[in-house]
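Chemist: Listed below are the residues making up each chain.
Number of protein chains: 4
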Amino acid sequence: MRTPVIIVNFKAYAEVEGDRSIGLAEACQDVSDETGVSFAVCPPITSLSAVAKAVTIPVMAQHMDPRKPGAATGWTTPELIKAAGAKGTLLNHSEHRMVLADLALAIQMAKEKGLECCVCTDTEATSAAAASLAPEFIAVEPPELIGGDVSVTDAKPEVVSEAVAAVRRVDEDIKVLCGAGVKTGRDVAKAVELGASGVLLASGVVKAKEPRKVLLDLVQFL
Amino acid sequence: MRTPVIIVNFKAYAEVEGDRSIGLAEACQDVSDETGVSFAVCPPITSLSAVAKAVTIPVMAQHMDPRKPGAATGWTTPELIKAAGAKGTLLNHSEHRMVLADLALAIQMAKEKGLECCVCTDTEATSAAAASLAPEFIAVEPPELIGGDVSVTDAKPEVVSEAVAAVRRVDEDIKVLCGAGVKTGRDVAKAVELGASGVLLASGVVKAKEPRKVLLDLVQFL
Amino acid sequence: MRTPVIIVNFKAYAEVEGDRSIGLAEACQDVSDETGVSFAVCPPITSLSAVAKAVTIPVMAQHMDPRKPGAATGWTTPELIKAAGAKGTLLNHSEHRMVLADLALAIQMAKEKGLECCVCTDTEATSAAAASLAPEFIAVEPPELIGGDVSVTDAKPEVVSEAVAAVRRVDEDIKVLCGAGVKTGRDVAKAVELGASGVLLASGVVKAKEPRKVLLDLVQFL
Amino acid sequence: MRTPVIIVNFKAYAEVEGDRSIGLAEACQDVSDETGVSFAVCPPITSLSAVAKAVTIPVMAQHMDPRKPGAATGWTTPELIKAAGAKGTLLNHSEHRMVLADLALAIQMAKEKGLECCVCTDTEATSAAAASLAPEFIAVEPPELIGGDVSVTDAKPEVVSEAVAAVRRVDEDIKVLCGAGVKTGRDVAKAVELGASGVLLASGVVKAKEPRKVLLDLVQFL
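Residue numbers (my numbering), protein chains in the order written: chain A, 1015 to 1236; chain B, 1015 to 1236; chain C, 1015 to 1236; chain D, 1015 to 1236.
To be clear, the hints were calculated from the coordinates, so they are not data collected in a lab. There may be inaccurate statements among the hints.
Note: identical chains are not told apart, hence a pair may lie in one copy or across any two.
[Stated by the list, open to error] For lysine-lysine, the following BS3-like pairs were computed, each having C-alpha atoms within a straight-line distance of at most 25 angstroms:
1) Lys1223 / Lys1170
2) Lys1221 / Lys1082
3) Lys1127 / Lys1221
4) Lys1082 / Lys1223
5) Lys1197 / Lys1223
6) Lys1170 / Lys1101
7) Lys1067 / Lys1197
8) Lys1197 / Lys1125
9) Lys1127 / Lys1197
10) Lys1127 / Lys1227
11) Lys1125 / Lys1170
Given the structure is predicted, the values throughout are model-derived calculations rather than measurements.
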C-alpha cells in the first residue's frame, strides 16, 4: 500500500451490515480516485468477499486467526481471507487482542500468503514489541481514546511520536499509523507531522451522515 | 428446518475456500431437491453471503459472537449473519467452545433476530445443560471421535440415546442431532433409530472426492 | 455444608492480602461458633492453605481449573486445592466465567476428589443449565448488581425465586444461593424467604470497617 | 537474582502437591548453599506462601494476572504474589500464554511492586518482542521440546544463540535463559556457552526419583 494511507475499519456497525459495506467502500474508492490519496477498507468478515469484488482499493480483514486449513470451525484462516480477495488484515485490535505467540504466528502465516498485516498496539512498549514481529504496519491507538471525540494527535501526540521512534529503532521499514478519535483533515495532517504514515479510523467515517464529505475533509492536507 | 436433517459443516477445509463453497452447497441442494431430504450447510464465514445467494436450502454460520452492532472489530454479530442471508448458526462447536453465559446470550440474541441455533455438546450432561437454554437444535459429538473413521453411532450409541433422553426431559421441542465419524447412510439410519433428528457432519462430505455420491449414500435410508 | 449458609468471597481486595485473610476467616469462624450459623470462606488462592489451617469452617477456592496434575504451569488443579485443605470451590464467577464443557468437567473432577462446587450463574436459564451439571450449590447473581448498594433480593427478587424453581425442576438436591448487593440481615432473611439456601457475598463483608459487626447483622434473622 | 541461575518450575505435578513443594524447594536451597550456584523456585500458587516462608532462595509465582486489587475473583494480582513472599513471577509460559497488551501491563505492574519477571517465549521473534517490554529475564523454550528427552541446547542450539543476540540488540540488560528438555549438567554448560544466563527447567528435576542428585549434576560445570 502506498503511504500516507487512510485505513477505514468498518467494525460491526449497523451502518455497514450486508451490502451497505459496499456503498461505504465505494465512497472510499471514489475519494481515492479523485484525490490520489491511498485508502484501504476493512469491512465485516461477512462482506469481505463482496467488497473485494466491488472496489480496487485494498480490502483487509478486521482479524485473522493463525490457523491452518482444516478442522477450524468458525475460525478465519489466512487462506479464507486470501480466497475472499483481501490483500491483508488488521491484527490485535484493541477490541480483539491476541496472544503474543499467536500474533507472531499470524504475521508469519500472512507473509507466506502474501497478505499485509497492520498490528494494532496501545503503547510505545507494545509498538516496539510488535515491530520485532515484522508486520508491514503498526497502528498505535490508546484504547481510552478509541471512539471518542478527541483525536490522539491532540490528546496524546507524544504517544504517536514515541511509537514512531520506537518502531524505527527496531525496524525502519515498518510504517506506523495512529488512531483513536481521528476525525478531521487537521488530525490526519498532525499525524503525518508526528511521523505517522497515515491513520486508522472507524466511527468518524462509518457513522457519519455523509461519509463522502468526511473522507474529503480527511485528505485535504495530504 | 424440517427433520430429519443433515447439516454439513464445511469447517475451514481447503476444499471449500472461496467459491468452492458454492459448489459443495449446490451439491447438497441438488441431493435435497432430488431426494426430498432436508439439508443445511455451514460454509466458512467468508463465503456465507455468496452461498446464501446461491442456494435455497438453509445456510448457517459456523459460529456467532453474542455482540451488539457497534465497536466489535473482527467479531461476527447476529445482525451480520442475518444480513448475509443465513438462517441460523452453529454454536459451541468442539473447535470453538463458548463460555456458558455467552452461549445463553447468543441463543437469546439469535432468537430476537429469527436465527435458529444448533448448539454442539460433548456429553449427556452438557446436552441437558444446553437444553435449558432453549436452542432449536443440540448436536452431541464426542470430541475424540470427530474427524475419525468410526461413527459415534457405532462407537458410543449410548451417548446419542442418553443425550436424546436427557434433552427431552428438559424440553421436548428441542431436536437432537448427533455427529462425529458419521460417514454413511447406515450411520444416519442408526442415528435416527437412536432417537436423533438428524446428523451434523463435516470431513466425510467435505473431503470426499465425489461429495454428491457420499450425499446420496447418506440419505438412502431416510 | 449445612444450610442456610453464608459464603464469603474474599475476592482480591487489598483488605485480604497475605495474612489479613486469616483475620477475616477467623471473624467468620467466631460468628459461626457464637450463633450456630453455617459459614464458608473463599480466600485468595495464595492464602488458601494458611486459612484452611487456621479455621474449621469450610474453606473454598475462588476458582479451579479442570486440569490434571502435570504440565499445567500457573493453573490450579483439583489436587492442588484439595492438598491445600480446601473443601470445595466457586466456579464460573461473573469475574471468571468458564466454557460450558470445562465447567462440566470441573464439576466432575471436583466430585472425584470430594470437593463441593458452587457454580455462579446470572439468569434463570443459566441456573437451570448449571443444574444439569449437578454441582452441590448454584449461586445466582445478576452481574449488574454485584458490588452495588442494592440487594438482588430487593432489586430483582424474581431472579432468585425463578432460579430456585428452575433448578428444582432439574435437580431437587441442589441448593440455590443468591448474591449481588447483599449486605444486611434483612437481605439474607429475604433470600431465604425467596427459597434460597443462603447467600454468596463479598464487598459488604470484606470492605467493612468492622466485619464482625456486619457478620453478626447478617445472621440475625436466621 | 545472581546469574547464571537455575529456575525450577514445579508446574502442577503430583510430586509437588501440598507440603511436598517445601521439600523440593529445600533441596534446591541445600544445593544452592553447598555449591554457591544461584537457584530460584516456582511452586504451585497454593504453596507459594509456605515455600517462601521455608527457604531463602528466591521464590517466584508460575503466573500473574495484570489485575488491580479488588473485584478479581480467582485471579492472582501482583499484590497477592508480593504478600505471599514471592520475589517475582514467570509470565507467558507456553502452558499459559498471554495477550500481548496484558503481558506488557503485567511487567509494568510487577516493576511497580518490585517483582522480577521471567517472560517465556518460543522463537527469536517473540524473544525480541518481549525484550521491548523490559522484563528482567526472558526464557526461550521451543514448545515442541518441553517435557521431552532432548535438550534444546542439542536439538536447536541456534534458537538459544539467536534469541540471546536478538534480545541484546533490543536491551543489553535483559538476561536470557533457555529451557525445554534441559536435564543434565552438560545441557546447562552448553546453555551458558550459547550465551544464556541460566536455564528454566521442570520435569527433569520435579519428576526425578532423587532430585538432589539431579540438582547436583545440573550445576557441576558452573
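Chemist: All hints are to be evaluated individually against the structure, with a verdict given for each.
Modeler: Now for the hints, and whether the structure bears them out:
no.: 1; hint: Lys1223 / Lys1170; result: neither (28 angstroms within a copy, 40 angstroms between copies)
no.: 2; hint: Lys1221 / Lys1082; result: between (35 angstroms within a copy, 15 angstroms between copies)
no.: 3; hint: Lys1127 / Lys1221; result: between (33 angstroms within a copy, 22 angstroms between copies)
no.: 4; hint: Lys1082 / Lys1223; result: between (40 angstroms within a copy, 21 angstroms between copies)
no.: 5; hint: Lys1197 / Lys1223; result: within (13 angstroms within a copy, 48 angstroms between copies)
no.: 6; hint: Lys1170 / Lys1101; result: neither (31 angstroms within a copy, 34 angstroms between copies)
no.: 7; hint: Lys1067 / Lys1197; result: neither (28 angstroms within a copy, 36 angstroms between copies)
no.: 8; hint: Lys1197 / Lys1125; result: neither (31 angstroms within a copy, 36 angstroms between copies)
no.: 9; hint: Lys1127 / Lys1197; result: neither (33 angstroms within a copy, 33 angstroms between copies)
no.: 10; hint: Lys1127 / Lys1227; result: neither (36 angstroms within a copy, 33 angstroms between copies)
no.: 11; hint: Lys1125 / Lys1170; result: between (32 angstroms within a copy, 24 angstroms between copies)
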